[in-house]
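Participant: As a plain string of letters, each chain reads:
Number of protein chains: 2
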Amino acid sequence: MFSVKTLFEPKSVLLIGSSRIKEKVGLASPWLFRNVIYNMKKFFKGETLILDVDGKIGVSSFEELREAPELAVTMLPPKHSIFYVEKCAAFGVKAFIMITGGFRDDQRRQLLKVKEDYGVRILGPNTVMGVINTANGLNTTFERDVMPKKGNIAVVSQSGGVGACLLDWACFYNIGVSKFIFMGDKVDVDDVDVLRYLAEDEETKVVCLYMEGVKDGRRFIEESRKIVERKPILALKGGTTQESAYRAKSHTASMAGSEEVFDAAFKKAGIIRVNDAEELMNAALALSKQPPLLGDNIAIVSNVGGPAILAADAVARCNLKLARLSDETKRKIEAAYPGVDATNPIDLIADARAERFQKVLDLILADEHVDGVLVINMLKSCFFEPEDAKVIPEVAAKHPGKPVVDVPAGGEDFELVYKVIGNSNIPLYNLPEKGVKALMFLRLYGKVLSKVRKF
Amino acid sequence: MFSVKTLFEPKSVLLIGSSRIKEKVGLASPWLFRNVIYNMKKFFKGETLILDVDGKIGVSSFEELREAPELAVTMLPPKHSIFYVEKCAAFGVKAFIMITGGFRDDQRRQLLKVKEDYGVRILGPNTVMGVINTANGLNTTFERDVMPKKGNIAVVSQSGGVGACLLDWACFYNIGVSKFIFMGDKVDVDDVDVLRYLAEDEETKVVCLYMEGVKDGRRFIEESRKIVERKPILALKGGTTQESAYRAKSHTASMAGSEEVFDAAFKKAGIIRVNDAEELMNAALALSKQPPLLGDNIAIVSNVGGPAILAADAVARCNLKLARLSDETKRKIEAAYPGVDATNPIDLIADARAERFQKVLDLILADEHVDGVLVINMLKSCFFEPEDAKVIPEVAAKHPGKPVVDVPAGGEDFELVYKVIGNSNIPLYNLPEKGVKALMFLRLYGKVLSKVRKF
Numbered sequence: 001m002f003s004v005k006t007l008f009e010p011k012s013v014l015l016i017g018s019s020r021i022k023e024k025v026g027l028a029s030p031w032l033f034r035n036v037i038y039n040m041k042k043f044f045k046g047e048t049l050i051l052d053v054d055g056k057i058g059v060s061s062f063e064e065l066r067e068a069p070e071l072a073v074t075m076l077p078p079k080h081s082i083f084y085v086e087k088c089a090a091f092g093v094k095a096f097i098m099i100t101g102g103f104r105d106d107q108r109r110q111l112l113k114v115k116e117d118y119g120v121r122i123l124g125p126n127t128v129m130g131v132i133n134t135a136n137g138l139n140t141t142f143e144r145d146v147m148p149k150k151g152n153i154a155v156v157s158q159s160g161g162v163g164a165c166l167l168d169w170a171c172f173y174n175i176g177v178s179k180f181i182f183m184g185d186k187v188d189v190d191d192v193d194v195l196r197y198l199a200e201d202e203e204t205k206v207v208c209l210y211m212e213g214v215k216d217g218r219r220f221i222e223e224s225r226k227i228v229e230r231k232p233i234l235a236l237k238g239g240t241t242q243e244s245a246y247r248a249k250s251h252t253a254s255m256a257g258s259e260e261v262f263d264a265a266f267k268k269a270g271i272i273r274v275n276d277a278e279e280l281m282n283a284a285l286a287l288s289k290q291p292p293l294l295g296d297n298i299a300i301v302s303n304v305g306g307p308a309i310l311a312a313d314a315v316a317r318c319n320l321k322l323a324r325l326s327d328e329t330k331r332k333i334e335a336a337y338p339g340v341d342a343t344n345p346i347d348l349i350a351d352a353r354a355e356r357f358q359k360v361l362d363l364i365l366a367d368e369h370v371d372g373v374l375v376i377n378m379l380k381s382c383f384f385e386p387e388d389a390k391v392i393p394e395v396a397a398k399h400p401g402k403p404v405v406d407v408p409a410g411g412e413d414f415e416l417v418y419k420v421i422g423n424s425n426i427p428l429y430n431l432p433e434k435g436v437k438a439l440m441f442l443r444l445y446g447k448v449l450s451k452v453r454k455f
Numbered sequence: 001m002f003s004v005k006t007l008f009e010p011k012s013v014l015l016i017g018s019s020r021i022k023e024k025v026g027l028a029s030p031w032l033f034r035n036v037i038y039n040m041k042k043f044f045k046g047e048t049l050i051l052d053v054d055g056k057i058g059v060s061s062f063e064e065l066r067e068a069p070e071l072a073v074t075m076l077p078p079k080h081s082i083f084y085v086e087k088c089a090a091f092g093v094k095a096f097i098m099i100t101g102g103f104r105d106d107q108r109r110q111l112l113k114v115k116e117d118y119g120v121r122i123l124g125p126n127t128v129m130g131v132i133n134t135a136n137g138l139n140t141t142f143e144r145d146v147m148p149k150k151g152n153i154a155v156v157s158q159s160g161g162v163g164a165c166l167l168d169w170a171c172f173y174n175i176g177v178s179k180f181i182f183m184g185d186k187v188d189v190d191d192v193d194v195l196r197y198l199a200e201d202e203e204t205k206v207v208c209l210y211m212e213g214v215k216d217g218r219r220f221i222e223e224s225r226k227i228v229e230r231k232p233i234l235a236l237k238g239g240t241t242q243e244s245a246y247r248a249k250s251h252t253a254s255m256a257g258s259e260e261v262f263d264a265a266f267k268k269a270g271i272i273r274v275n276d277a278e279e280l281m282n283a284a285l286a287l288s289k290q291p292p293l294l295g296d297n298i299a300i301v302s303n304v305g306g307p308a309i310l311a312a313d314a315v316a317r318c319n320l321k322l323a324r325l326s327d328e329t330k331r332k333i334e335a336a337y338p339g340v341d342a343t344n345p346i347d348l349i350a351d352a353r354a355e356r357f358q359k360v361l362d363l364i365l366a367d368e369h370v371d372g373v374l375v376i377n378m379l380k381s382c383f384f385e386p387e388d389a390k391v392i393p394e395v396a397a398k399h400p401g402k403p404v405v406d407v408p409a410g411g412e413d414f415e416l417v418y419k420v421i422g423n424s425n426i427p428l429y430n431l432p433e434k435g436v437k438a439l440m441f442l443r444l445y446g447k448v449l450s451k452v453r454k455f
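As they're listed, the protein sequences go chains A and B. Each residue of the first sequence is one higher than the last, beginning at 1 in the working numbering. Each residue of the second sequence is one higher than the last, beginning at 1 in the working numbering.
Looking at chain A on its own, in the form it has when it is part of the complex (with noise of 0.2 Å):
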């Protein structure tokens, strides 16, 4: 059986669809082979084929293949792209892409019976829009020019929809992705074979998967749990209640259990579980960015009085605890600015520049009080101006064992903080609850860690 790798690292690739077949709901359409052709041709750094079974664009049979690509995509309706599978594993291509949907039972049989035969495999099929690698420029979407900035961030969605979804807001956010999967009917390569691949995905750091259902649960746990031993893997869950549930098994065939089955399996694989799609991409970025938190005090540092109040509730409400400082680092704070009171939440007041927040910043993360930093800096109604964030991620650096988030609150602030310190190690956020989110969901990696490294 060949690997699954090839579906993300193949050296030569071959687009299979039609410059004519339009089918009404299964998603083969000339339309939607010519962008992902233009996609392909556009990123994709190996060799890119083309067959069009109606022979208007690149070749239009295997004859004129010199050798056989190592990954072929099938955007045909559910007959011809069995025929075109069969073809392609005789001739030698090891693994399939498969984006159309509409399959029925008997044509998935046939699909397994191919796989079984040459030991191919196969994604999908109703992938949708299959393999995005940032790495090597693979990307089988049909949006054109959707290729999210190059990262560490994996995600693996089961649905087409909220793994549209989820790409978009990588794309707009300008959040860095490794591999984008969309695992579709599953008929061969599935959750777990997806996991392991990531598991030793140099590129990937941090997992996300969207699921609605699993199919061999304990393995599934099995394998994730060796797994968050290396990567964190972030979970958002859908179809987990009776409202939901006849649509779920409608939409992926898949047996929605309870809230509670799934939260003691998440918990037990060592998976961290999210409530939406921002949640998901904000936990990502924090993971992908800094290091896990090893303790539960936080301290919060801000220009601003009431942002650092509602950052203190967040605190309090994630199950986190507002750091008391040692004496000595009030003391230090204190006597070089003389306005400011050092108890935490520390208010650094409206006129902080640079300078007032690289020194208390400093020396709060040297106090072995402190696990974690929030840092807010506001520009509206404050004298921060953007460029001052530099300081931020340069204090980070100098205690690289304690994570820092920082939160330029509000709209306009946000975009200006971000032109300057975005692409920094720093994870950003425009508001202070998401901020200390992102710090919850490190420090639950961090309990995950200690857990898993345990037994």
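Hints are not guaranteed to be accurate.
Just so you know, same-sequence chains aren't split out, so a pair can sit in one copy or run between any two.
Calculated lysine to any residue pairs in the SDA-like style (CA-CA distance at most 20 Å, straight line) [stated by the list, open to error]:
id, residue 1, residue 2
1, Lys226, Thr6
2, Lys419, Cys171
3, Lys419, Phe172
4, Lys24, Pro338
5, Lys41, Thr6
6, Lys22, Gly339
7, Lys24, Asp351
8, Lys45, Met1
9, Lys113, Met1
10, Lys321, Gln242
11, Lys231, Pro77
12, Lys419, Tyr173
Since the hints were made in silico from the structure, they are not lab data.
Following the hints, put chain B in place on chain A, whose structure we already have.
Facilitator: Using the frame of chain A, we list chain B on its own:
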């Protein structure tokens, strides 16, 4: 005693500052003075007069003013501010917005004495940004060109930082605002005075509060209860946990009550509580554009499967219910679109365009088993075009009693649809969970109404 109305609707305003004095802490600075002048000159439709105590800009003494302006804005350190408040009150000024802070208790008492002697009204001191009235262009903020678009949401903030964050948010996300009020130290004008004014204000449909504490709780509850019969009040409360209580006390001299005490008080007052600034703005947006939700039954209409499942889960978590459509509605939908399974949440499939959304939405809104609708219309991975979204406000307008919210889930997708219907009466959200929460807030206001109208 003069009316607080003068704080918002003065015919003429005198800006009192210095082109020389710069305080370390209390905010007085030539830079701030210049920026407030800039904003007032640019936006205010009444008369703007300037009194520079150092005589470089505008007039330098009262003798040069022919008649008393109605409102004066002080931007000087405490001692100087008090001096001019007294002088102005004697001259006939009716109301004051005091921007700068740092007042001692005895200085606050001096201000109260002026109020008693002349019947003037004082907002502040320490309001930081003062007041914005989008109807007449009054804008005493010191951030140049920060002016939200005209709308019907009023925001009252006890904190300069949280207020600045909410203002930045409203401007950046194009949320329509009627009034923006920074309360400051509340020596005279308090929350109840402002709430009473907003209750009468025809520009205001929804009131948003950020508060850390309240002085006369009973009066606040009684007044609020009267107001919520006419317009909803939303509140974000800071300083509710032990962790933040110390800071809230030093920040706004508020005694932080426990979560439970405030929850009970808000409930009694008919005030709807939110968890963070984004939720506050999202809830306000829904309430400013849509009618209250008068029952629990929600229909979900979507062109993607996974996000509809997440929405259905959120419906259950928000104490709402998935509507059971009547057999007739189902039959009509399935007859018109054979591929569609009309069980709620309804998946219109990826190729749904305007016509399918229009027809199904119309049928569902006409169904007596449906109280409100969540629409999900993604672009990525679907055939839906931004222009197609126009049918949503059109159909919703035919069923004015039932709220409709729209979710073009994602980043760019949201932006593209926003450009087409962002100014319509349909509130837009970038994730299913946020759309469902908006319906939840519409439901909570529906419950408030049925409660206060009963007693």
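Participant: How would you classify Lys45 and Met1 at a CA-CA limit of 20 Å: within, between, both, or neither?
Facilitator: Neither, since 26 Å and 77 Å both go past 20 Å.
Participant: Using 20 Å as the alpha carbon limit, work out where Lys419 and Phe172 are close: within a copy, between copies, both or neither.
Facilitator: Answer is both; intra-copy 14 Å and inter-copy 16 Å each pass.
Participant: Between the shortest in-copy and the shortest cross-copy C-alpha distance, which are at most 20 Å for Lys22 and Gly339: within, between, both, or neither?
Facilitator: Intra 71 Å, inter 16 Å, cutoff 20 Å: inter-copy only.
Participant: First find the shortest C-alpha distance between Lys231 and Pro77 inside one copy, then the shortest across copies, and answer within, between, both or neither for a cut-off of 20 Å.
Facilitator: For Lys231 and Pro77, the Cα distance exceeds 20 Å both inside one copy (38 Å) and across copies (55 Å).
Participant: Given a CA cutoff of 20 Å, do Lys321 and Gln242 count as a within-copy pair, a between-copy pair, both, or neither?
Facilitator: Cα proximity of Lys321 and Gln242: across copies only (10 Å, versus 36 Å in one copy).
Participant: Quick one: Lys419 to Cys171, C-alpha cut-off 20 Å, is that within a copy, between copies, both, or neither?
Facilitator: both (16 Å within a copy, 19 Å between copies)
Participant: Measure nothing new, just compare the shortest in-copy and cross-copy C-alpha distances for Lys24 and Pro338 to 20 Å and report within, between, both or neither.
Facilitator: Only across copies: Lys24 and Pro338 sit 11 Å apart there, 71 Å inside one copy, limit 20 Å.
Participant: Cα distance capped at 20 Å. Does Lys419 pair with Tyr173 within a copy, between copies, both, or neither?
Facilitator: both (12 Å within a copy, 18 Å between copies)
Participant: Within, between, both or neither: how does the pair Lys226, Thr6 come out at a Cα-Cα threshold of 20 Å?
Facilitator: This pair counts as neither: shortest intra-copy Cα distance 23 Å, inter-copy 67 Å.
Participant: How would you label the pair Lys41, Thr6 (within, between, both, or neither) given a Cα cut-off of 20 Å?
Facilitator: within (19 Å within a copy, 65 Å between copies)
Participant: My question is about Lys24 and Asp351: at a cut-off of 20 Å on alpha-carbon distance, are they close within one copy, between copies, both, or neither?
Facilitator: For Lys24 and Asp351, the Cα distance is within 20 Å only across copies (8 Å; inside one copy 62 Å).
Participant: Please sort Lys113 with Met1 into within, between, both or neither, judging by C-alpha distance up to 20 Å.
Facilitator: within (13 Å within a copy, 89 Å between copies)
Violation of the numbered hints given earlier is confined to hints 1, 8 and 11; the remaining hints are satisfied by the structure.
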